[in-house]
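Asker: Listed below, chain by chain, are the residues.
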Amino acid sequence: MAFIPHTGADVAAMLSSIGAGSIEELFDEIPATLRTRALAGIPEALNEMQIGRLMSERARADGTLLNFIGAGAYEHHIPAAVWAITTRGEFYSAYTPYQAEASQGTLQLIYEFQSMMTRLTAMDVANASMYDGASATAEASLMAVRANRRSKSARILVPQTLHPHYRRVAVNTAHNQGLRFEELPYEPAGGLTAAAALERYEGEDVTALLIQQPNFFGRLEEVDALTDWAHAHGALVIAVVNPIALALLKPPGQWGRRGADIAVGEGQPLGVPLSSGGPYLGFMTARMEHVRQMPGRIVGRTLDVAGKEGFTLTLQAREQHIRRAKATSNICTNQGLLMTAATIYLSLMGPQGLARTAAACHARTRELIGALTRVPGVRLGFAGPCFHEAVLLLDRPVAPLLKALSARGIAAGLDLAPYYPELGHALLVCATEMRTQADIEHYRASLSEVMQAARAA
Amino acid sequence: MSNVPADLKYTKSHEWVRALPDGTLEIGISDHAQHALGDLVFVEVPEAGRVLAADEACAVVESVKAASDVYAPLAGTVTLGNPQLTGEPQAVNSDPYGSGWLFRLKPAAGALAAAALLSAAEYQKFLDAEAG
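For the record, the sequence lines run as chains A and B. The first sequence begins at 63 in my numbering and counts up one residue at a time. The second sequence begins at 6 in my numbering and counts up one residue at a time.
Treat the hints as calculated values from the structure; they're not laboratory data. Here the structure is a predicted model, which is why all the values come from computation and not from measurement. Check the hints yourself; a few may be wrong.
[As the list claims (entries may be wrong)] In silico PhoX-like pairs for lysine-lysine, Cα to Cα no more than 25 Å straight-line:
no.	chain 1	residue 1	chain 2	residue 2
1	B	70	B	17
2	B	130	B	17
3	B	17	A	388
4	B	111	A	214
5	B	70	A	388
6	B	111	B	17
7	A	388	A	214
8	B	70	A	370
[Stated by the list, open to error] For each label pair, taking beta carbons as the anchor points, the in silico distance ranges come out as:
no.	chain 1	residue 1	chain 2	residue 2	range
9	A	362	B	61	28 to 36 Å
10	B	70	A	461	56 to 64 Å
11	A	262	B	124	30 to 38 Å
12	B	70	A	413	48 to 56 Å
13	B	115	A	339	55 to 63 Å
14	A	418	B	71	43 to 51 Å
15	B	27	A	238	39 to 47 Å
Even glycine gets a Cβ: it sits at the ideal position worked out from N, Cα and C.
Starting from the given sequences, assemble the full structure and let the hints guide the process.
Answerer: Written out as structure tokens, the structure reads:
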């Protein structure tokens, strides 16, 4: 609670009207062992002026690093109009109102979001957003088990090239519901899911295959072959995609002969700033045949009794406010405000703007790879096409180098050692359209210096 | 007053059971149930070969208002889900005891004897008591 307005007299009046002598007495039926005592490490309260001063000091200490980290959250240019419009009073709520149809503007906006996401992914239907890319991946796995009624195994194949956090969230969310996640190794030369890894599942019951495109290493998976393999073996395909990359890459709805069945992803690149990890938003689209297994809210366009166009929540019969404990999911429109920003971002960029942004990201990343691999002791981890990220292999541990570069104002990438120790000294780097040639040259020169210093030490 | 054909057996969760000449059972939902649900827009029936325990949720009938589970009146193996209902869920409303059947079941050994199915008269009494 940001602000507790009760005075001592208010509290005393409330206690006396319910016949309790003190706050202690009010809660005395809670056993002492269950009560929280004074919390360790919590400082004394500060007043508003003191806290404001403290926080601005802390914010200065953060500084603004020159960012080359991607790994699931990306620094893109956000036109000023995006948040100027999003924060208008008419839009400024995370939720769909309880009487949803009274807010036609909100519903129309969700409908536009859904339409844009289906266009971007080349799928039939979209919902009104998810919490984030990781939880959308977990929900898509649960949905695949409901939708693939021929499969009894609830076995989901998960490439190790899928974002490590997404894998952990999916397992945490769904393993108690009987889903089995089995990891597929990647081939070490190209950083791609190995076709050979699928061979051991010949003749086995597989419910779904997850495919991230571009994958966590920034590489482009053989999505057509993987999709066709899955469909030939009775498995559904869940695509995990980057919405900016979709402006250049083949959309999930066109993967292989039949297309992916479900597509999910992180919507943060669409107008949502990097802010210490969130709040972000997830998206989910699917083929029409799976619409009744789709979690969350869906807005439809219809006609009212007078024949005028209107928007309404639809396909709600399996959701929590109707089915309670048996509902498909507990997702609602929690990320509505971020969905609003994403919709406005997409409408301002348009297909051409999005494609130019994606092309700029790719071009900058190629320049970055070219520059950094000229530094002695640095080489490219995986050869072959990428989008806007790449793995570099260094000749010494990454963590101390990142620390030294951070001191020089550069967020130089993600150390992959905690996630992929088998890769050795691996660094995941990213360049979006925000990075200039001067930024890249500054990074190259700084990396060269800190590596030289490390070698000399 | 809902229609309760005398030649069928019933459950308290509003399924009906018809014995077919080949020893399998045809199962659907009662006229009372379809009326309470309202116009159905989607029906999900179990696949042939699925093995069901008694009282297991095995089909879903969905109206614009709600999606409700249908339970297996007794244990057995599904021999056929009504393929017509994918395109015509409204058959459950218009002809609940005929073309609106949901699935056919080969009962497990002893399952029929073990199931406490209601006669038409008992089901009617149950409906009257629920309404009362």
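Asker: Taking the CB of residue 262 of chain A and the CB of residue 124 of chain B, does the distance hold inside 30 to 38 Å?
Answerer: 55 Å, violated
Asker: Per the hint of 43 to 51 Å, is the separation of the Cβ atoms of residue 418 of chain A and residue 71 of chain B within bounds?
Answerer: Once the Cβ atoms are compared, 47 Å apart, the range 43 to 51 Å for residue 71 of chain B and residue 418 of chain A holds.
Asker: Quickly compare the C-alpha distance for residue 70 of chain B and residue 370 of chain A to 25 Å and report which way the hint goes.
Answerer: Status holds; Cα separation ~23 Å.
Asker: Between residue 70 of chain B and residue 461 of chain A, does the beta-carbon spacing fit 56 to 64 Å?
Answerer: 57 Å, holds
Asker: What's the verdict on residue 70 of chain B and residue 17 of chain B, does the C-alpha distance respect the 25 Å limit or exceed it?
Answerer: 22 Å, holds
Asker: Given the hint of 39 to 47 Å, is the C-beta distance from residue 27 of chain B to residue 238 of chain A inside that range or not?
Answerer: Given range 39 to 47 Å: holds, Cβ gap about 41 Å.
Asker: Hint check: residue 388 of chain A vs residue 214 of chain A, CA-CA at most 25 Å. Holds or violated?
Answerer: 20 Å, holds
Asker: Given the hinted pair residue 130 of chain B and residue 17 of chain B, is their Cα-Cα distance within 25 Å?
Answerer: 11 Å, holds
Asker: Within 25 Å, alpha carbon to alpha carbon, are residue 70 of chain B and residue 388 of chain A?
Answerer: Holds, at roughly 15 Å.
Asker: So if I understand the rule, the pair passes when the alpha-carbon distance is 25 Å or less; does residue 111 of chain B with residue 17 of chain B pass?
Answerer: 21 Å, holds
Asker: Within 55 to 63 Å or not, the Cβ separation of residue 115 of chain B and residue 339 of chain A?
Answerer: At roughly 58 Å between Cβ atoms, residue 339 of chain A and residue 115 of chain B fall inside 55 to 63 Å, so the hint holds.
Asker: Would you mind confirming whether the straight-line C-alpha gap from residue 111 of chain B to residue 214 of chain A stays at or under 25 Å?
Answerer: The hint holds at about 20 Å.
In summary, the structure is inconsistent with hints 11, 12 from the numbered list given earlier, while agreeing with the others.
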